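Undergrad: Quick mapping for you: the protein sequence lines, in order, are chains A and B. Going by this note's numbering, the first residue of the first sequence is number 1, and it counts up by one from there. Going by this note's numbering, the first residue of the second sequence is number 1, and it counts up by one from there.
Take these hints with a grain of salt, some might be off.
[Said to hold, decoys possible] A few chain A residues that don't get close to chain B, going by computed Cβ distances all over 10 Å: (1) Arg252; (2) Ser290; (3) Thr294.
[Unchecked claim] Within a straight-line C-alpha distance of at most 20 Å, the following computed EDC-like cross-link-like pairs (lysine to aspartate or glutamate) qualify: (4) B/Lys149 with A/Asp138; (5) A/Lys227 with A/Asp298; (6) A/Lys280 with B/Glu129; (7) B/Lys149 with A/Glu235.
Hints were generated in silico from the structure; no laboratory data involved. If you're wondering where the values come from, they're calculated on a predicted model, not measured in any experiment. For glycine and all other residues, C-beta sits at the position ideal for the given N, C-alpha and C.
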Amino acid sequence: MIKFDRFTLGNGLRVLFHKDVTTPMAVVNTLYDVGAKDETESKTGFAHLFEHLMFGGSLNIPEFDTPLQLAGGENNAFTSNDVTNYYEVLPKQNIETALWLESDRMLSLAFTEKSLEVQRSVVIEEFKQRYLNQPYGDVWLEMRPLAYQKHPYKWATIGKELKHIEDATMDDVKAFFKKHYCPSNAILTIAGNFELHEVKQMVDKWYSDIPPGKTNNRSLPDEPIQKEYREKSIERKVPSNAFYYAFKMVNRTHPDFYISDTLSDVLGQDKSSRLYLSLKKEQQLVSSISAYITGSIDDGLLIISGKMNDGVSFETLDNSLWKELEHIKSIKIEGKELTRIKNKIRTSKEFQDQGILNRAMNLSMYELLGDAEMINDESRHYQDITSQELQIVANNIFNKECCSLLKVIALKND
Amino acid sequence: MIDRITRPAVEKINSVEFLVPIEYSLTEKVSLFHMKHVPNDTCRLDLYFDAGKITEEKGIASFVNGVLLSGTEEKTSQEINEVINGLGGYYDSGVSIENAVISIYCLKENLSKIFETLMDAILNVSFIEKEVEEYISDSKQRFKLGLEKVSFLAQRAFQEVLFSNDSRYSKNTELNDYDSLSISDLKRFHQENYVKGLTKVVIVGDVEKNEIDEIIQLCLPICSPKTTEFTGDLKNIAGKKRIAKEGAIQSAIRIGKIMFNKKHEDYLDFIIVNTILGDYFGSRLMSNIREDKGYTYGIGSWMSELSNTGYFIIATEVGHEVKDETIKEIKFEIDRLQRELVPLAELELVQNYMLGQLLKSADGPYAMMDLFLSAETHNEDLDFYNLAIKSVQEITPKRIQNLAIKYLNWESMSIIIAG
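Generate the whole structure from the sequences, applying the supplied hints.
TA: Pasting the structure below:
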C-alpha cells in the first residue's frame, strides 16, 4: 500500500505527497502533460528537444544543474509520446533548492540562442547514437508509421527525421513552452521524510504565484480501427533477419489493458514463455524472441519481436507464430501457467515499489491517468485476471487485420 | 513576492549512516553477507564464483556461465526455468574479468525453494550437446551484432592495449573460438571453478536465520579452496589506435591507462579529481564537449577496479566528423587540471555533490549492500567511507593539481578511436 496526500493550488497545480520515513533523500518529480503526440507532423521531436532546453536556464536562474549539484542532488528527465517527466533526488534537508529550481522554470524559461544551438547538436548526436548508428536502431522509426496512420503515435519521440530538429527555431520553442508548461498542465509529486504541513507550506511558497496558464485541451485524431494486414520490409546491414509484429491493443485506462499485458507475458516474457519454448527451443527458428506492450495512454501496441536463425524463412516463422497465436485464442490458459505469470508480476511489482523515485513517478503517472489511488489497485487487477478474460482478449488482439509486420532483412557483407 | 534570485541555503552533509550486514564465515576465505533490514518482501541472492574471464582462454568462462541452467541428467532446462519462473523468480548471471556472479531476485517466501533448484541446476549441469550447440549459435549472433557497434569495437581494442602485458586480461573472444570448444573443456572448467569455486554469498532480504543456515549448509561443499593469483602488474600501451568501421556516422572513443584501486593511498583523493573531470553531469568534459560544443550525447570518465589494480577510462561516442576535435578538447581539459588550480566555487560544488551521492549510495538495503561489497572486495570495511567523507572535505586545489600532474600525463594514455 502506497500512501499519499493530495492537494491543489489556486493556479491548478496538482500536488501529491508521499511520506517515507526510512530515507534521508527527497524526490521532487514534475510530470508535464505533454509529449511527442502534441507535436505537429511537420515539426516533430520538439517535446524532447524542449526537455533538453529546460536545463538551459530560467527567468531568475542562469543554469539549472549547478545549484542542484551544490545541494548534493542529481536530476534527469525523459520524454515519451505521452508525457515529459523531470525529477530531482537530493538530501532531504536541501529540498527547497529543487523546488526553487523547478518552480522557476515552470514560471518562465530564459535559455539563449547558444543553448538552443548546443542542445540541437546534442539531440542530433543522441539521434545518431541511439537510432541511426545501432544495428536495428531505426526499427521504431519505421514501425510507428506502419502501425499508426492518423494518431501522432506515428512518429517517435526523437522525431521523424533529423531535419525537423535541424530546422527548429527559437520562436517554435517559445510557443511550445507557452502552450504546455504551466501549473494547470503539471503534476508535482514530493516524496521523503516530511510532514504534510511542511510540504504544503513549501509548495505554496514556491508555486502559488505562478500564473495558471491555459489548460491544454488537446484533440488528437483518433486512430481508425485497423482493418487490413500491413507489412513492410527494410534492408539493413545487420547480422540476422529480424521481425516485429505489432498488434493493436486498448488504451491505458481500459480494463483490458492489464489482460493484454499479461498475454504478452504468456507469450514472450522469459524462458518459460510459449514463444520461447516453441519457436526457439523446439523448432529452433529464432535466436531470440519476446513479447511486450508499448503501454501508451492512447490505444497501444502489443509487440512480438525477435531475431531469426540463419536459413529460416519469414514464411516458416510466420506460420509457426500464428499457430501459437491461434492456440492461445482457442485453448484457455490455466493452472500452473497462469500462476507462474501472476507470481512473476507480483515479484516485479514489489521490486518496482522498492525505490522512492519509482513510487513518486508512478504516483504522478496514475494521477495523470485519473487518480493516483489506482497505483494501489494495480496488483489486484493483475491477480484477478481469469482464464476466460485472457481468451477473450486474445481473440480481440491476435487477428491478422489488426497486425502490422516489419521485416528487417539482413544485407550480407560480401 | 518571494525572492527567486537568491538560492535557498544549503545544508552540508557531514556524516552518513552506514548499515553493516551480518557476516557468516563458511570457510577461512568464504563468507555469506546478509542484509536483513528490508521493509518489504523482496529479496536478492548473489553467488560469486572464482570463474572470471581470466580463468581460461577462448571465452570458456563466459560460455559456461551462459549455460548454467541448460539442464542436468534429471532435469531439462525447461523444467529448471519453470520452477524458478513459476515461483516468481528472476535469474541473472554475468562474468567479469576476475569473477562470475549468479543472482536471483524473488519474494522472500520463495527463496529457499528457488535456491534449492538453482543449486541443483548449476552444480549438476550436464552440458547437453543440443543445448551447447544452441548456445554457440546464439553467441555467434550476439557477437556479430556487437561487431556492428562502434562501442563494442572500441571496447575490445581498448582492452587489448590496456592490459597489454598479460594475455589472460587482454585477450578478446574471437568468433572462431566457439568452434574449437569441446564439451570436456566445459565440464572441466565447471568442475574446477563452479563445483569448487564459490567465493562469496550475498543475501538482501528479511529472511529468517534458519533459512540462512540451510543456505549455508548447501554452500559449504562448494566453497573455493583456491587462491587465485590476480595480477597487480598490468601495463597499458600508450598511444593512439584507430579502428575503421565503414559507414559509421559516429565514432566511439576510449582513453585511459592502468591506475590503481581502493588499496592505493591516492585512490580517495583521485576519485575527486575524476569527478571534476568527467564523473557527473556538470563535469568539465560534459560542460565542454556536450554543453558547450554539442559534439556528443554524453561523455564520462571513471575508475574501474580489479582485485589488485585498477584503471582509469574516458568514454564517449561523438559525431564522426568531430572525433579529432573531441580528443583535442579532452586533452585540453586534462591539461587545464594540471595547469590551473580548481576554483573554490567549483570545488565546493563537487564536494557537496559527492557527499550527497554517497548519502544516496547508502540509502536502502540494496544500495547499502552494494556499497558494502565495493569496500569488502578490497578487504576494507565501511569505515573506508568515513575516510572518503574526510577526504572530500579536506582536499585542496593544490592537491588536485598535483594528482592530475602525477597521474593524468597525456603521453601515458592509451587512445582508441573506432568508426
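Undergrad: Does each hint hold? Answer for all of them.
TA: Checked hints:
| no. | hint | result |
| --- | --- | --- |
| 1 | Arg252 | holds, 25 Å |
| 2 | Ser290 | holds, 14 Å |
| 3 | Thr294 | holds, 22 Å |
| 4 | B/Lys149 with A/Asp138 | holds, 14 Å |
| 5 | A/Lys227 with A/Asp298 | holds, 18 Å |
| 6 | A/Lys280 with B/Glu129 | holds, 16 Å |
| 7 | B/Lys149 with A/Glu235 | holds, 18 Å |
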